[in-house]
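Using the sequences provided together with the hints, build the complete structure.
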Amino acid sequence: MVSGAPMVDCEELGVIGRGMFGEAVLVQDSRTHEKMVVKHIPLAGLDEHEIKEALKEAKALRMLKHPNIVSFRKCWASDGVRPCVRLSENNYVEPRPVMNMAAFLQSVAQPEDPDALPRSLNILTDYVDGGSLDRLIARNSEPFAEQLISVWFAQMVMGVEHMHQHCILHRDIKPANIFITRTGVVKLGDLGSCKILETPNEQCTSEYGSPLYLGPEVWSHHIVTEKSDMWSLGCVVYELMSHVPPFEAPELSYKVITCQPSPLPSCYSKELCETVFERMLKKDPELRCSAQELMKEPYAKQSIASWLQISSSAGPSAGNEMQVDGTFVKKCIDSLTPWQS
13 MVSGAPMVDC
23 EELGVIGRGM
33 FGEAVLVQDS
43 RTHEKMVVKH
53 IPLAGLDEHE
63 IKEALKEAKA
73 LRMLKHPNIV
83 SFRKCWASDG
93 VRPCVRLSEN
103 NYVEPRPVMN
113 MAAFLQSVAQ
123 PEDPDALPRS
133 LNILTDYVDG
143 GSLDRLIARN
153 SEPFAEQLIS
163 VWFAQMVMGV
173 EHMHQHCILH
183 RDIKPANIFI
193 TRTGVVKLGD
203 LGSCKILETP
213 NEQCTSEYGS
223 PLYLGPEVWS
233 HHIVTEKSDM
243 WSLGCVVYEL
253 MSHVPPFEAP
263 ELSYKVITCQ
273 PSPLPSCYSK
283 ELCETVFERM
293 LKKDPELRCS
303 AQELMKEPYA
313 KQSIASWLQI
323 SSSAGPSAGN
333 EMQVDGTFVK
343 KCIDSLTPWQ
353 S
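Count the sequence shown with my numbering and you get residues 13 to 353, in order.
Among the hints, a few may not be true.
Calculated cross-link-like contacts (lysine-lysine; reagent style BS3-like; alpha-carbon spacing at most 30 Å) [unchecked claim]: (1) K308 to K294; (2) K282 to K295; (3) K282 to K267; (4) K47 to K71; (5) K282 to K313; (6) K77 to K64; (7) K77 to K308; (8) K308 to K295; (9) K77 to K313.
Since the hints were derived computationally from the structure, they do not count as laboratory data.
Structural data, given as structure tokens:
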């Protein structure tokens, strides 16, 4: 599945996250001092289906090359608990690249030597230095400026659209799985719950996801489609605007299926509020925008144009009615405190 010799000469800086399949460890290259993240997924005791689920994140990340998705570097299996880190010559364990998924699965299902099986799968990705959106929301009690939300929204939509173009559903879009650099670049990450579809518009069952961000069709029919990702994205934008999810417990499923979320703060434009309520948080998935459709809507188009203008340091683009001030956005980003250390 993934080729290339793994990085082994790194210093471990600490665990920065834990999830269903394993833990994320921040490491630093001993030569270049570049920081990266290794996701360690223990394989002991997993059956073939569970190992396929563990491998799919690496497979999906390898398929996706987009500035708004966390970048994949390498994937390898090893016998060590911390195979990417060499603290001394004595505890160095030679890693093994995962070259082919089918062969790897067969070796696990029918091992010639059970004692020789790798104990962990390791996925190396870029490190996003600003942390996750949920931490940013928790650490900033004042409302985010709309110009800031608009460029974050633009990048999230572009990232989701790229995933869907490659027939990949994220299935767990939430603030904790969306990361931001200190320069304002938003990146979708943690694809451990993703689904790689065989055909576009395919439906799948809901095995994963975070309850606060699950759409009505997931609660009522246990079905997930691209439109389910769009509901989750709408919940994220709503939370950026209000600092709370659109629906909360108790009776969460009932509220998601039957109730309307509370109005958004009056400091935000009618256009942004309508984009959230009328394009992403529609109860009926058929009435909800796909990512591709949303990118053609006026507010999203303007937001995307504004972000591309800021990120390329170009002058104002013709017809951009929003007139987002790049300097203002950068000042807003700099004022967000405290950033993840």
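Hint compliance check: list the failing hint numbers for this structure, sorted ascending. none
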